[in-house]
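Chemist: Heads up: the protein sequence lines correspond to chains A and B, in order.
Note that numbering that gives the first Met the number 0 has the first sequence beginning at 0, numbered continuously upward.
Note that numbering that gives the first Met the number 0 has the second sequence beginning at 0, numbered continuously upward.
Check each hint, because a few of them may be wrong.
[Claimed, not checked] The calculated lysine to any residue pairs, modelled on SDA-like cross-linking and capped at a C-alpha distance of 20 Å, are: (1) Lys235/A with Leu35/B; (2) Lys235/A with Ala242/B; (3) Lys235/A with Gly326/B; (4) Lys339/A with Ala242/B; (5) Lys339/A with Leu35/B; (6) Lys235/B with Gly96/A; (7) Lys235/B with Ala337/A; (8) Lys339/B with Thr351/B; (9) Lys339/A with Thr352/A; (10) Lys235/A with Pro59/A; (11) Lys339/B with Tyr243/A; (12) Lys339/A with Pro291/A.
Hints were generated in silico from the structure; no laboratory data involved.
Number of protein chains: 2
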Amino acid sequence: MLAVRDLPLRLLLGPGPSPVPTRVLEAMAHPTIGHLDPAFLALMDQVREGLRVCFGTQNPMTLAMSGTGSAGMETVIVNLVEPGDRVVVGVCGVFGGRLAEVARRTGAEVTTVEAPWGQPVPLDRFHAEIDRVRPALAALVHAETSTGVHQPLDGLAEAVRESDGLLVLDCVTSLAGMPVEVDAWGIDAAYSGTQKCLSAPPGLSPVTLNDRAVARLERRTRPVPSWYLDLTLIRKYWGGERAYHHTAPINMIYALAEALALVDEEGLPARFARHRHAHERLARDLAALGIPFVSAEGHRLPMLNAIAAPPGVDEAVLRRRLLLEHGIEIGGGLGAFAGKAWRIGLMGHGATTYAADSVVTALQRLLSR
Amino acid sequence: MLAVRDLPLRLLLGPGPSPVPTRVLEAMAHPTIGHLDPAFLALMDQVREGLRVCFGTQNPMTLAMSGTGSAGMETVIVNLVEPGDRVVVGVCGVFGGRLAEVARRTGAEVTTVEAPWGQPVPLDRFHAEIDRVRPALAALVHAETSTGVHQPLDGLAEAVRESDGLLVLDCVTSLAGMPVEVDAWGIDAAYSGTQKCLSAPPGLSPVTLNDRAVARLERRTRPVPSWYLDLTLIRKYWGGERAYHHTAPINMIYALAEALALVDEEGLPARFARHRHAHERLARDLAALGIPFVSAEGHRLPMLNAIAAPPGVDEAVLRRRLLLEHGIEIGGGLGAFAGKAWRIGLMGHGATTYAADSVVTALQRLLSR
């Protein structure tokens with residue numbers, strides 16, 4: 000029988016999970032207490048406050064959903080969309096496509112604004128669709144994990160608000176690795192995951208809704224289709240009443256609390272600079288190796304580096320050797336980039352120049368043989 | 000700022016979470032590796048096999064959903080029910096009621112068979128409704144956590160099958176604490192949670208579907224309304240293709256793997272006997288204290304003891320003193336039992352005679368003052 004303690008150690012430089020600091024692992028292993036224990040409820044309040052700092056928001060409804068990042072995506076969509084609602088989604092990779100699919104399953108009329116892989120969604124076309132469709136909700140991916148692209152948002156909040164719509168931002172990969180300013184940017188709802196730049200294990204999804212989004216939730220004419228993700232019920236547990244909904248994943252909340260304490264100690268500006276610095280080192284060394292990015296210049300994410308898989312080799316074999324011989328995990332391509340691109344994540348605790356050096360050195364060795 | 004390491008230690012004798020063994024906590028703190036790492040995929044296979052043993056099944060589709068027990072409930076319902084389907088649900092407590100509500104939200108026509116709190120759903124009436132309604136799906140709670148009642152199932156599988164329906168069993172509280180025989184009993188789909196008799200932290204939901212249920216899933220005419228819980232997609236990750244769906248909660252799977260290793264070492268029959276033995280000790284001592292059960296004799300669960308809150312005292316105040324002065328968590332009443340009943344869980348690692356002794360001794364002291 001396999002024992003967990005015998006699992007190999009890996010340097011996690013893929014699209015997530017990212018390396019989890021020892022302090023976070025130790026916090027997670029603290030003995031479980033009850034989900035209605037006053038000591039646990041106090042910790043939850045602290046987690047909410049830490050998440051507000053990362054999201055750049057004062058939103059009272061800020062909490063961690065009991066599922067991974069995709070559960071956060073589904074939470075925001077199923078709570079804010081009703082059948083027949085018009086929804087506009089920007090799609091320039093897998094996660095924009097997922098947003099559109101989740102919205103379709105609610106019975107919404109979904110319009111997508113697509114862009115070639117490696118490019119952000121063009122703002123002029125997105126604006127034009129908002130003007131034409133006047134959607135109840137528009138959604139974009141801030142940091143497209145499948146392509147390494149940073150999505151600009153200029154003027155979108157005003158445009159969406161003008162048609163009384165809500166603007167939703169997927170911050171799964173950006174949160175705590177680059178600026179996210181929910182309040183300043185006029186974002187009505189956003190969600191993230193714990194296993195990227197927060198460097199906690201996967202299993203929770205931070206979500207925030209502003210008062211406009213909460214008002215939409217309260218105006219619903221039908222119940223939220225998902226009971227598990229129903230924020231009208233979950234808010235009663237995370238909020239004042241502490242009414243039981245489901246048993247919170249206690250130890251995952253421990254991990255997130257400790258990860259947020261580490262964010263607080265470092266400070267967001269220093270954390271963002273560290274991500275940029277590691278990215279710049281990696282980009283410089285990849286250029287020296289002759290490996291180009293597949294994401295457009297000027298739109299590259301610091302924490303997710305999408306590069307061309309070296310030509311003339313089986314990229315999956317090379318990636319497997321990187322994992323098994325060097326203990327380094329990087330990601331393969333998804334969708335249009337499958338078999339063609341690699342994704343090197345320098346996220347959270349893994350956003351260091353020596354992590355960048357490690358992967359470059361290992362790649363150099365593998366490619367020279 | 001609160002630190003996780005400063006959280007109090009508690010003896011968890013409520014309705015869950017149950018006490019988590021040190022080995023499970025330590026396994027959970029093993030450094031995170033990737034969700035597509037071959038070493039992790041091998042561990043997942045082992046987890047599936049361990050879950051099959053607990054469920055008493057050979058079902059290939061046996062896996063752990065990335066959410067708590069309620070996510071498992073919703074998974075089974077949203078995957079197996081389509082709008083307009085007729086569904087019969089037995090309701091004798093909160094969790095039967097939740098099953099009915101989740102089914103209603105899928106657009107099913109739900110018929111409930113209700114029983115007074117503290118009693119199981121009467122089989123004659125359940126049979127009569129199955130004959131009358133001929134449902135696509137019938138669902139019952141094996142161990143009703145809100146009332147401490149054990150639901151008999153005699154003859155139901157044949158009756159439901161006769162109308163080409165599926166029989167679903169909620170095993171959240173029963174799994175690994177009393178016999179669950181999915182194959183032998185003709186259960187088509189079942190789900191559980193990790194934080195009860197498995198004694199892992201909350202955060203995963205074991206689910207199993209037999210071939211009849213999988214055939215129903217494959218015959219669907221509409222997509223599963225929830226993308227996050229869509230088994231047609233998730234089976235590709237847990238099964239042969241290993242296609243990425245969402246990032247599995249790696250460290251929670253570590254915890255479950257270790258919890259299942261402990262189940263294997265102890266053996267299910269010994270584990271069941273331990274649960275019964277602890278329950279008998281508690282029942283004997285509560286009788287000596289003059290505290291009656293609120294669940295019907297002959298239908299009492301070993302792992303969840305629902306008793307009358309002592310008359311003439313504020314039960315919430317007493318329960319809080321038990322927690323803060325004695326470090327012991329027990330549960331209050333839900334629904335019809337709110338303010339009237341207590342729930343003492345002797346689950347998993349907490350199913351010991353000395354845990355039973357601890358809570359009785361502490362109650363004695365509190366009640367004598």
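Chemist: Taking the hints in turn, state whether each one holds.
Modeler: Now for the hints, and whether the structure bears them out:
For the suggested pair Lys235/A and Leu35/B, the alpha carbons sit about 36 Å apart, so the restraint of at most 20 Å is broken. With a CA separation close to 36 Å, the supplied pair Lys235/A and Ala242/B exceeds the 20 Å bound. Distance restraint check for Lys235/A and Gly326/B: the Cα-Cα separation of roughly 26 Å exceeds the 20 Å cut-off, and the hinted pair is therefore not satisfied. Taken as a hint, the Lys339/A and Ala242/B pair is honoured in the structure, with Cα atoms around 17 Å apart against an allowance of 20 Å.
Note on Lys339/A and Leu35/B: the hinted pairing holds, with a Cα-Cα distance of about 18 Å set against a maximum of 20 Å. For the suggested pair Lys235/B and Gly96/A, the alpha carbons sit about 19 Å apart, so the restraint of at most 20 Å is met. Using a Cα cut-off of 20 Å, the hinted pair Lys235/B and Ala337/A holds, with the two alpha carbons roughly 17 Å apart. For the hint linking Lys339/B to Thr351/B, the alpha-carbon distance of about 26 Å lies beyond 20 Å, and the restraint is violated.
With a C-alpha separation of about 25 Å, the suggested pairing of Lys339/A with Thr352/A is violated against the 20 Å cut-off. Proposed proximity of Lys235/A and Pro59/A is supported: the alpha carbons are some 12 Å apart, at most 20 Å. Straight-line distance between C-alpha atoms of Lys339/B and Tyr243/A comes to about 17 Å, which keeps the hinted pair within the 20 Å bound. With a C-alpha separation of about 12 Å, the suggested pairing of Lys339/A with Pro291/A holds against the 20 Å cut-off.
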